[in-house]
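Quick note, the sequences are listed as chains A and B, same order.
Position 75 of the first sequence, counting from 1, maps to 75 under the working numbering, and the rest follow consecutively.
Position 26 of the second sequence, counting from 1, maps to 26 under the working numbering, and the rest follow consecutively.
Please note that a few of the clues may not be correct.
[As the list claims (entries may be wrong)] A few chain A residues facing chain B, derived, Cβ under 10 Å:
| no. | residue |
| --- | --- |
| 1 | Ser91 |
| 2 | Gly113 |
| 3 | Ala428 |
No lab work stands behind these hints, which were simulated from the structure alone.
Bear in mind the structure is a predicted one, so any value in this text is a computation, not a measurement.
Backbone N, C-alpha and C define an ideal beta-carbon position, used for all residues, glycine too.
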Amino acid sequence: MTRKIRAAAAIALIGATALTAAGCSAGGSDPSSDGGKVTMTFWHNSTTGPGKAYWDDTISAFEKKYPNVTIKAQAIQNEDLDGKLQTALNSGDAPDVFLQRGGGKMDAMIAAGQLMDISDSISSDAKQSISKGTFAGYEKDGKTYAMPGAVLPEGIWYSKDLFEQAGIDGTPTTMDELNDDIAKLKAKDIDPVAVGAKDAWPAAHWYYNFALRECSEKTLNDAAKSLKFDDSCWTKAGQQLEDFNATKPFNQGFLTTAAQQGAGSSAGLLANHKAAMELMGAWDPGVIASLTPDAKPLQDLGWFPFPTIDGGKGDPKSMMGGVDGNSCSAQAPKKACTDFLNFIVQKDNQEAYYKAFNAIPVNKDAQSVVSEPYLKTALAAYQEAPFVSQYLDTLYGQNVGNALNTSVVDLLAGKGSAKDIVETTNQAAAKG
Amino acid sequence: MALDTSLGTTPAKASGSTPGTSPAGSGAPLPAARRTAKRVADWRKRVEIAVLAGPAVIVFVTFVILPVALAAYYGFYKWQGYGPPTNFVGLQNYLIIFQDKAFHSVLMHNGFIVLMSLVLQGPIAIVLALLLNQKMHGRGLIRVLVFVPYVISEVIVGTGWSLMLQSNGAVNDLFQGMGLGGLRQDWLSNPDIAIWTLLVIISWKYIGFAVILFLAGLQSIPEELFEAAAIDGASYWQIQRRITLPLLGPTIRIWAFLSIIGSLQLFDLVYIIWGQYISSTAGTSTMATYMVANGRTSGNFGFGSAVAVVMFLISLVVALVYQHFVLRRDTAGALTERKN
C-alpha cells in the first residue's frame with residue numbers, strides 16, 4: 001500500500017514540476033514584458049539572393065543596436081504570402097512585423113483590428129526623409145498603419161540589345177508605336193512581351209494600365225469604395241487589351257508562365273534574352289538580376305513608361321505604382337516593433353536596400369545614390385506623375401482583386417471578353 | 001460468394017460477444033459471487049473498449065465531424081475570417097454557387113475526369129494485370145515500375161510533368177528532335193488540350209494502384225477453375241471473359257468506387273501544375289480548386305465553407321448511390337444491414 005502511495009506522490013510531483021516549468025518558460029518569453037528580452041517574428045517576401053541577405057544583415061545590425069530584441073525572420077514566397085498572412089491574422093497568431101501592400105488589403109486588416117496605429121511612433125528622421133505622399137498610401141482616417149520602404153512605379157522593362165537587333169530606335173510612347181515595335185521584334189523571331197499569367201496579377205497589370213489611361217482618377221478611387229465597375233471606361237480598357245492581345249504580343253505558352261521563379265518565368269525570359277519586354281513594377285530589376293546567367297544585374301536593361309492611348313479620361317502621365325512597406329500587428333510589442341520600422345528606413349539601411357533589391361528606396365537622401373539609368377528614368381517619371389494609382393488588385397482588396405486578375409487572364413486566353421471582366425468582377429463582390 | 005459469407009459472419013460474431021447482448025439475463029440465476037465477478041468483467045470490458053476506442057473517436061470527432069459541422073455553420077455567413085462571423089445571409093452563398101458559371105464548368109470538369117478516369121484506366125489496368133499475372137522474366141521489376149508513380153508524391157509528379165510539358169520543355173524538344181515538330185503543343189496552357197494532358201498524368205499516376213488491386217484480386221481466384229475450364233477446352237480469351245472478369249468483379253467495383261471519389265476530390269495535381277489562379281482558364285479547375293480560389297485565396301471564408309459543404313454533399317450522394325446500387329452485393333452485411 002505505502003509503495004503505491006509513494007509512486008502516486010512521485011507522479012504528482014513530476015507532474016507539478018512539469019507544470020511549473022512550462023509556466024515559467026511561457027512567462028519568460030512573453031513579448032510584452034517591458035525591459036526584458038523581446039522576441040519578434042517578421043515575415044517578408046525575399047526568399048533568395050541579395051534580398052534575403054539584406055534582411056538577415058539588417059536584422060543582425062538591429063539586434064546589435066537593441067540587444068534586448070531578437071527578430072526571427074521568415075521568408076515567404078511572394079504569391080503565398082497574402083494567403084498565409086490572412087490565415088495567421090485570423091487565427092490570432094500573426095507575425096509581429098510583416099510586409100504591407102496597402103489598399104483594400106490593408107483596410108480589411110484595419111477593420112479587423114489587426115494593425116497597430118504607428119502614427120505617434122514614427123521618428124522625426126523618418127518623417128523628414130520620406131515624402132508625405134508616400135505615407136498617404138498607408139494612412140486611413142488620419143492614422144498611419146505602416147512604414148513605407150520602397151516606391152515601385154510601374155513601366156515596361158526591356159532589353160536594349162534585343163531592341164537594337166530588331167532595328168528599333170528609341171522607345172515607344174504610344175500604343176501604335178508599341179505595336180510597330182512588336183511587329184519588328186516578331187519579324188526577327190524574338191518573343192516581344194513576356195507575361196507571367198500563371199500568377200494572374202502580371203497579366204492583369206496590362207488591364208490596370210489601360211484602365212489608368214481610360215478612367216479618370218476619380219473613377220478608379222470611387223470603385224475602391226463602391227466595388228462597382230459600371231463606368232464605361234472599364235469596358236473600354238478591356239477592349240484596348242483585347243485589341244492589343246489580338247496582335248499576339250505575348251510569349252509562347254504565357255498562360256503557364258510564372259512571374260518570378262526560374263529561368264522560364266517572365267522575368268527569367270527577359271533576363272536570358274528570350275523575350276524583349278515585360279510590364280512590371282520597379283522591383284523587377286532585382287528579380288531579373290537574380291535570374292541572369294551570372295546572377296548579376298542585366299547590363300542592357302532599359303525602362304519606359306506605359307504608352308499613351310488615343311482619347312481616354314486618364315492623365316497620360318499618370319502611373320501605376322505601389323509602395324512596399326511593413327506593418328506591426330496589433331499584438332506586437334510596440335516599442336521594439338516601431339524601433340525596427342524606424343531603423344529600416346534610416347539612410348544607410350535604405351542605401352543597402354537599394355543595392356540589394358535594385359529598387360528605389362523611399363528615403364529621399366538615399367534616392368540620390370540611385371545610379372542605374374533605368375531606375376533614374378522611372379524615378380523621374382514617378383516624381384512627375386500627377387497621379388500614382390495603387391495596383392488595382394491591392395486597391396480593391398483580396399476578393400475583388402483576385403476575380404479581376406483571373407478574368408483578365410481569361411480574356412488573354414480567349415475565354416472571355418471585355419464585358420466578362422466587368423461582370424465577373426461585379427459578381428465577385430457578392431461572394432465577399 | 002466466399003467474400004460475401006465471410007464478411008457477413010464477422011459482425012454477427014461481434015454482436016454476440018458485446019456486453020449488451022451477452023446471455024447474462026437469459027440463463028438460470030447465478031450465484032452472487034459469480035454474478036459480481038461477471039459484473040466486474042463487464043465493467044472492465046467497457047473500460048477497455050473506452051480506452052482503446054476513445055482516442056480514435058476523439059480524433060475522428062475533432063478532425064472530421066467538427067470541421068464538417070463548422071463549415072456548415074460558416075456557410076450561412078458572409079465572413080472574411082476575422083473574428084466571429086456576424087453577417088448572417090442564410091442560403092445566399094449557396095444561391096451564388098449554383099448560379100456561378102465558373103462552378104458549372106467546375107462540375108463539368110469533375111464529371112469528365114470521373115468518367116474518363118474509369119474509361120481510360122480500367123481497361124488498361126485490367127490488361128496490365130492479366131499480363132503481369134503471367135509467369136515471365138522481369139515480372140517483379142515491371143510490377144514495381146508500374147506501381148512507382150503511385151508512390152511518388154503529387155507535388156513531385158506535378159512539378160516534374162509541368163517542367164517537361166512547358167511550351168519549350170523536354171517533351172516538345174523531344175518531338176522536335178525526332179523530326180515530329182508538328183506534334184509540338186502548348187500541353188498545359190492551351191485550354192483545348194490541357195484537361196487531356198491532366199487525364200494522361202492522372203492515368204500515369206494512379207494506374208499502378210488499379211493494377212496492384214487487380215493483381216491481388218486475380219491471386220484470390222482459385223487455380224482449379226482455370227484448370228477445369230482448360231480441360232473443358234476453353235480458349236485463353238474465353239477463360240478471361242467467363243471466369244477471370246466475373247470473379248474480378250468485386251475488385252473492379254471497389255476500384256471504381258475509389259477512383260470516382262478520388263476524381264471528385266482531385267486537387268493537388270491541378271494546384272501544383274496550374275497554380276492558384278489559372279486552372280479555370282486552362283479548363284482544368286475542379287470543385288476543390290474552385291473552393292480554394294474563391295474561399296481562401298480571395299479571403300471569403302464563409303463562401304468557401306459553403307462550397308466545401310456542397311462538395312461534401314455531392315461526394316456523399318455519389319458514394320451512397322454507388323454503394324446502394326453497385327456495391328450492395330459485395331458489401332452486404334458489412335456496410336448495409338444483413339438480411340437473412
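Now for the hints, and whether the structure bears them out:
1. Checking Ser91 (chain A) against chain B by beta carbon gives a least distance of about 9 Å; that is within 10 Å, so the hint holds.
2. Taken as an interface hint, Gly113 (chain A) checks out: its beta carbon lies about 8 Å from the nearest beta carbon of chain B, inside 10 Å.
3. Contact between Ala428 (chain A) and chain B, as hinted, is supported at the beta carbon level, the nearest pair being about 7 Å apart and thus within 10 Å.
Consistency note: the structure conflicts with none of the earlier hints.
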